[in-house]
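*Asks:* So you can see what is in the structure, the chains are spelled out below.
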Amino acid sequence: GDSVTQMEGPVTLSEEAFLTINCTYTATGYPSLFWYVQYPGEGLQLLLKATKADDKGSNKGFEATYRKETTSFHLEKGSVQVSDSAVYFCALSFTGGGNKLTFGTGTQLKVEL
Amino acid sequence: GAVVSQHPSWVICKSGTSVKIECRSLDFQATTMFWYRQFPKQSLMLMATSNEGSKATYEQGVEKDKFLINHASLTLSTLTVTSAHPEDSSFYICSAPGGGLTDTQYFGPGTRLTVL
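For the protein sequence lines, the chains are A and B, in the order given.
Under the numbering used here, the letters of the first sequence match residues 1 to 113, in that order.
Under the numbering used here, the letters of the second sequence match residues 1 to 116, in that order.
Pair by pair, the computed Cβ-Cβ distance ranges are: (1) B/Thr80 to A/Ala17: 42 to 50 Å; (2) B/Ser73 to A/Thr51: 24 to 32 Å; (3) A/Val82 to B/His7: 30 to 38 Å; (4) B/Lys55 to A/Gly1: 20 to 28 Å; (5) B/Gln29 to A/Asp2: 25 to 33 Å; (6) A/Val82 to B/Lys41: 17 to 25 Å; (7) A/Gly41 to B/Glu22: 13 to 21 Å; (8) A/Lys68 to B/Trp10: 39 to 47 Å; (9) A/Asp2 to B/Gly53: 24 to 32 Å; (10) A/Asp55 to B/Lys41: 28 to 36 Å; (11) B/Ser73 to A/Lys68: 34 to 42 Å; (12) B/Asn51 to A/Thr5: 28 to 36 Å; (13) A/Ala53 to B/Glu22: 34 to 42 Å.
If you are wondering where the hints come from, they were derived from the structure by calculation, not from laboratory data.
A quick note: this is a predicted structure, and the numbers were derived from the prediction, not measured.
Cβ coordinates follow ideal geometry from the N, Cα and C atoms, glycine included.
Could you put together the complete structure from these sequences and hints?
*Replies:* Right, dumping it as structure tokens:
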């Protein structure tokens, strides 16, 4: 079945450091790929998405590129802030499949001053 | 953007009782809603797909008689945990597709269930 694998956390960084959270997927076909973020005490929010190969999703300084050849969708940010501290989930879904999302295990990011 | 609410945000109940959790789409209609369960430090596990006006579709391994889902209107889906036991303690989250051609999901803030 479809699955998403992301790096285990927690990831602890100093403010202004570079962030990479790895995500790879296994799926039959070509899914849409997502990064969701869960801030403390809040529900999941869509951070960015990409719907086809080589698409780059971006939002709030975060970026991820849909790499079909490596089945990856790694999340990057050039300079993290304390306010970026949250849990980040990589996910996939297929249009027409009822939009069911398959999630990775989540990666907790802690950014310190 | 679209808003999904859940009620209650947290609930504590005794073992053997039933608990109902509501999920509402506040400013859009949702013919489909999804119910997830999230264990501490783990991912969201899809439990079932709630379909307005018809039976829910449960994922493999989820007991449909234990987790009753009703989607009575285009803005409300309910999850009832029947005869709850401590192992049912978890964080339950619902989501709804944004509609149209979008494949974006909007998530509720979740409900923390603790069964004593």
